[in-house]
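Visitor: Sequence:
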Amino acid sequence: QRARRSTRACRGSLSSRTTCSRPCTCGRSTNAPATCRRSRRSSGRSRRLDWAVRRPRLRAELQASRADVICLQEVQYEAGADGVFALPDWLRLDGYALHVPPQRDLAEIASRNLRVLRHEVAVGNAVLVRSDRLCVLDDGKRSSNTRVQVVVRGREGCAIAALGPTAVASVHLDATDEAKRVKAFARCVEQASAFGTRELIVCGDMNTEC
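499 is the number of the first residue of the sequence shown in our numbering; add one for each residue after it.
A few of these clues could be false.
[Claimed, not checked] Simulated restraints, written as ranges between beta carbons of each label pair:
1) K639 / R546: 33 to 43 angstroms
2) G581 / R640: 18 to 28 angstroms
3) R553 / D637: 34 to 44 angstroms
4) L615 / G694: 40 to 50 angstroms
5) R696 / S629: 18 to 28 angstroms
[Unchecked claim] Capping the alpha-carbon separation at 16 angstroms, the derived lysine to aspartate or glutamate pairs in EDC-like fashion look like this:
6) K681 / E654
7) K678 / D703
8) K639 / E688
9) K639 / D603
Treat the hints as calculated values from the structure; they're not laboratory data. No experiment lies behind these values; they were computed from the predicted model shown. Glycine included, C-beta positions come from ideal geometry on N, C-alpha and C.
Between the sequences and the hints, there should be enough to build the whole structure, so can you do that?
Guide: Laid out in structure tokens, this is it:
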């Protein structure tokens, strides 16, 4: 079985009312099987779907968006020689602070994938925060690989300086169990409340129809 690589990003500028100043757009990318038979007609499309081709295009799109917050799901983390999992270089965008799951959660999912898929890879969410416009008040130490949550506020002297403490969560909800999805949402609210804010933005893969 092949490990699946995909990223989803919810992008938009935060206003002082903690809503997007323009509609958020969502994108999704997945790996095309390397062993598929390509016809002459489909070969061009197959090349465009190749991960080596998509990766720089995705990075350029994310960097060009200049979004205040970028939420990612199903990121494939890279393991260093010391065993520490880190966000891949192509997602380390200039001008953004990176917030990732705890190492223990990434290690657990890597161990599970080795056991089930025979491929030791850590997959999880991430939140990227634009440093010149937002200050991070809570860096999400209580996050998990399927829910990375931070609290931000507008940086003094910028256009969104009036933005008060706002929780932002990047989630990947359970695909089969509605009760688990509701529980995950409840954790987002609980963590925001624990910090003392009622403002919460949840982005990600909801695995359900709205």
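Visitor: All hints are to be evaluated individually against the structure, with a verdict given for each.
Guide: Outcome of the hint check:
For K639 and R546, the Cβ-Cβ distance of about 39 angstroms falls inside the hinted range of 33 to 43 angstroms, so the restraint holds. For the pair G581 and R640, the beta carbons lie near 23 angstroms from each other, so the given range of 18 to 28 angstroms is met. With their beta carbons about 27 angstroms apart, R553 and D637 fall outside the hinted range of 34 to 44 angstroms. About 41 angstroms separates the C-beta atoms of L615 and G694, a value consistent with the hinted range of 40 to 50 angstroms.
Between R696 and S629 the Cβ separation comes to about 25 angstroms, which falls inside the hinted range of 18 to 28 angstroms. About 35 angstroms separates the Cα atoms of K681 and E654, which puts this hinted pair outside 16 angstroms; it is violated. Pair hint K678 plus D703 holds up; C-alpha atoms about 14 angstroms apart against a cutoff of 16 angstroms. A hinted pair counts as satisfied when its Cα atoms are at most 16 angstroms apart, and K639 with E688 qualifies at roughly 14 angstroms.
Only pairs whose Cα atoms come within 16 angstroms are accepted, and K639 paired with D603 is accepted, the gap being roughly 12 angstroms.
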